[in-house]
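Each chain is listed here by its residues.
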Amino acid sequence: MTEFLQTIFIGWGLPESLAIGLTILLQIALILGVLFAAVAYLTLAERKVIGYMQVRVGPNRVGPRGLLQPIADALKLMFKEIIIPAGADKKLFLIAPVLAMAPSLAAWAVLPVADGWVLADINAGLLYVLAITSMGVYGVIVAGWASNSKYAFLGAMRSAAQIVSYEIAMGFALVGVLMAAGSLNFGQIVASQQGEYGLFSWFWLPLLPLFVIYFVSGVAETNRAPFDVAEGESEIVAGFHVEYSGMAFAVFFLGEYANMILISALAALLFLGGWLSPFQGWTDSWLGQSSIIWMLIKTSFFLFLYLWFRATFPRYRYDQIMRLGWKVFIPITIVWIVVVGGLVMGEIGPWFAAA
Amino acid sequence: MLENYLPILIFIVVGVIVGGAMMAFGFILGPHRPDTAKLSPYECGFEAFEDSRMKFDVRFYLVAILFIIFDLEIAFLFPWAIVLKDIGLFGFSAMMLFLGILVIGFIYEWKKGALQWE
Numbered sequence: 001m002t003e004f005l006q007t008i009f010i011g012w013g014l015p016e017s018l019a020i021g022l023t024i025l026l027q028i029a030l031i032l033g034v035l036f037a038a039v040a041y042l043t044l045a046e047r048k049v050i051g052y053m054q055v056r057v058g059p060n061r062v063g064p065r066g067l068l069q070p071i072a073d074a075l076k077l078m079f080k081e082i083i084i085p086a087g088a089d090k091k092l093f094l095i096a097p098v099l100a101m102a103p104s105l106a107a108w109a110v111l112p113v114a115d116g117w118v119l120a121d122i123n124a125g126l127l128y129v130l131a132i133t134s135m136g137v138y139g140v141i142v143a144g145w146a147s148n149s150k151y152a153f154l155g156a157m158r159s160a161a162q163i164v165s166y167e168i169a170m171g172f173a174l175v176g177v178l179m180a181a182g183s184l185n186f187g188q189i190v191a192s193q194q195g196e197y198g199l200f201s202w203f204w205l206p207l208l209p210l211f212v213i214y215f216v217s218g219v220a221e222t223n224r225a226p227f228d229v230a231e232g233e234s235e236i237v238a239g240f241h242v243e244y245s246g247m248a249f250a251v252f253f254l255g256e257y258a259n260m261i262l263i264s265a266l267a268a269l270l271f272l273g274g275w276l277s278p279f280q281g282w283t284d285s286w287l288g289q290s291s292i293i294w295m296l297i298k299t300s301f302f303l304f305l306y307l308w309f310r311a312t313f314p315r316y317r318y319d320q321i322m323r324l325g326w327k328v329f330i331p332i333t334i335v336w337i338v339v340v341g342g343l344v345m346g347e348i349g350p351w352f353a354a355a
Numbered sequence: 001m002l003e004n005y006l007p008i009l010i011f012i013v014v015g016v017i018v019g020g021a022m023m024a025f026g027f028i029l030g031p032h033r034p035d036t037a038k039l040s041p042y043e044c045g046f047e048a049f050e051d052s053r054m055k056f057d058v059r060f061y062l063v064a065i066l067f068i069i070f071d072l073e074i075a076f077l078f079p080w081a082i083v084l085k086d087i088g089l090f091g092f093s094a095m096m097l098f099l100g101i102l103v104i105g106f107i108y109e110w111k112k113g114a115l116q117w118e
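In the order they appear, the protein sequences are chains A and B.
The numbers in the working numbering rise by one with no breaks, and the one at position 234 of the first sequence is 234.
The numbers in the working numbering rise by one with no breaks, and the one at position 56 of the second sequence is 56.
Derived by calculation from the structure, the hints in this document are not laboratory data.
Just so you know, not all the hints are guaranteed correct.
Computed from the model, here is a short list of chain B residues facing chain A with C-beta under 8 Å [stated by the list, open to error]: (1) Asp35; (2) Phe90; (3) Phe98.
30 Å max Cα-Cα, derived DSBU-like pairs, lysine-lysine [said to hold, decoys possible]: (4) Lys38(B) to Lys80(A); (5) Lys76(A) to Lys55(B); (6) Lys327(A) to Lys112(B); (7) Lys55(B) to Lys111(B); (8) Lys111(B) to Lys91(A); (9) Lys85(B) to Lys91(A); (10) Lys327(A) to Lys38(B); (11) Lys55(B) to Lys90(A); (12) Lys111(B) to Lys90(A).
Covered stretches of chain A (chain B as the covering partner; in silico rule of three or more C-beta atoms under 8 Å from a C-beta of chain B) [unchecked claim]: (13) 46 to 57; (14) 247 to 253; (15) 259 to 273.
Since we're looking at a predicted model, the values are computed, not measured.
Cβ coordinates follow ideal geometry from the N, Cα and C atoms, glycine included.
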């Protein structure tokens with residue numbers, strides 16, 4: 001697609017650098033368009049799924065079966081007043097939502113959705129994602145500091161400590177994947193999960209503890225239930241974004257949901273073989289072919305888990321969260337890294353057999 | 001090689017612009033009717049007792065410091081993990097020694113109660 005667009009733009013008589021730039025911008029617009037639509041309908045899906053889990057219908061008034069609800073929400077938020085509280089640091093207050101959202105969008109630059117369908121196919125893909133997503137914590141802490149509200153401040157402190165704690169467990173889990181795959185490039189990580197045993201060739205099986213820890217840390221990282229003490233409606237009302245309203249609040253919200261989709265897509269790529277078919281090697285029909293559909297199914301599965309967790313588990317206490325992160329997850333991941341190291345060194349098959 | 005990173009740079013800039021544009025839209029489209037009660041920081045209807053940027057638990061600092069140590073460790077592990085298949089037993093045992101030293105420090109801080117929240 002890249003070359004096709006570039007030849008069109010050059011055919012219009014544009015210089016080459018401009019053609020390249022325009023092509024990139026168009027691709028980014030495509031990614032962001034799909035992402036925003038996904039975020040909008042994830043909010044609807046969340047309300048619907050949790051609704052049905054609590055034996056009610058969820059939103060069903062706007063449009064057929066409530067399908068236009070996200071659009072109505074977006075319009076409503078757009079026409080609400082943005083309140084800047086007295087005593088707030090005005091500049092930081094307005095920068096914070098952008099700081100929280102921009103990284104969760106920018107991370108999508110390196111994320112492939114199918115073989116070769118990626119904007120920037122760089123060698124250090126996973127490293128870039130890890131680096132850029134850890135920028136998100138600045139948005140939270142700046143928002144809490146700038147708001148000049150005790151609730152916001154407490155929420156930001158809690159949230160920052162929680163995010164950095166779980167980032168360690170998450171980082172260790174990713175190291176396990178890297179050892180198994182031997183590459184930071186997403187395409188190669190997925191390719192190394194290819195095998196004749198279908199879904200049993202994927203990394204979730206040899207790296208099972210890391211897989212579970214990765215996803216639970218991902219839930220904690222995005223401040224979602226049951227680890228949502230940063231918001232904690234019943235104790236610190238809404239945490240770091242209590243003073244935000246209108247679009248400023250919507251930008252935070254968008255970042256959070258984009259992050260959820262990002263974590264789910266990463267889990268699918270790193271542990272569940274991305275676009276590989278679970279029946280690969282078992283059948284030669286279309287079921288055994290790898291395609292973007294598998295990637296979408298896997299990502300949706302993890303997103304559903306997010307909603308399921310929220311409808312099922314009560315909120316953890318803060319000391320329990322920190323205990324789980326530091327005293328359970330970090331020791332397990334360190335032990336399993338050593339185990340994976342042994343497996344890779346011993347070339348234990350089928351996952352780590354000598355190529 | 002380096003031109004692969006150009007889309008990323010553009011994407012980051014676009015991400016910031018999109019965020020800024022959304023906020024700008026909110027300002028343009030939304031009403032502006034500030035009053036004292038609306039602008040006062042939210043505190044359940046009380047007048048605020050003290051500055052909201054108050055003293056906080058020193059443990060948050062401790063978590064931040066421990067985070068730096070472990071995050072650096074991960075930064076060291078990343079390149080090692082990628083070339084693990086090429087560096088053989090020597091590279092493997094060197095990193096295990098390094099991990100062992102880190103684990104001793106981890107046990108020490110655990111016993112000291114640095115990870116204890118009550």
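Taking the hints in turn, this is what the structure says about them:
1. A hinted interface residue such as aspartate 35(B) counts as satisfied when its beta carbon comes closer than 8 Å to some beta carbon of chain A; here the least separation is about 10 Å, so the hint is violated.
2. Given the 8 Å rule on beta carbons, the hint for phenylalanine 90(B) is violated: about 11 Å separates it from the nearest Cβ of chain A.
3. A least Cβ separation of about 12 Å between phenylalanine 98(B) and chain A goes past the 8 Å threshold, and the interface hint is therefore violated.
4. Under the criterion of a C-alpha separation no larger than 30 Å, the hint pairing lysine 38(B) with lysine 80(A) is consistent with the structure, at around 14 Å.
5. Restraint check: the Cα-Cα separation between lysine 76(A) and lysine 55(B) comes to about 38 Å, which exceeds 30 Å; the hinted pair is violated.
6. Restraint check for lysine 327(A) and lysine 112(B): satisfied, since their Cα atoms lie roughly 13 Å apart, inside the 30 Å limit.
7. Distance hint between lysine 55(B) and lysine 111(B) is fulfilled; the C-alpha atoms sit about 27 Å from each other, no more than 30 Å.
8. About 43 Å separates the Cα atoms of lysine 111(B) and lysine 91(A), which puts this hinted pair outside 30 Å; it is violated.
9. Our distance criterion of 30 Å between C-alpha atoms is broken by lysine 85(B) and lysine 91(A), whose separation comes to about 49 Å.
10. Our distance criterion of 30 Å between C-alpha atoms is broken by lysine 327(A) and lysine 38(B), whose separation comes to about 44 Å.
11. With a C-alpha separation of about 22 Å, the suggested pairing of lysine 55(B) with lysine 90(A) holds against the 30 Å cut-off.
12. Proximity of lysine 111(B) to lysine 90(A) is assessed by CA-CA distance (about 44 Å); at most 30 Å being required, the pair is judged violated.
13. Proximity of the stretch 46 to 57 of chain A to chain B, defined as three or more residues with a beta carbon under 8 Å from a beta carbon of that chain, is not established by the 0 residues found.
14. Interface restraint, the stretch 247 to 253 of chain A with chain B: holds (4 residues with C-beta to C-beta distance below 8 Å; minimum three).
15. For the stretch 259 to 273 of chain A, the proposed coverage by chain B is not satisfied: 0 residues have a C-beta within less than 8 Å of a C-beta in that chain, short of the threshold of three.
Comparing the model with each numbered hint stated earlier shows that hints 1, 2, 3, 5, 8, 9, 10, 12, 13, 15 do not hold.
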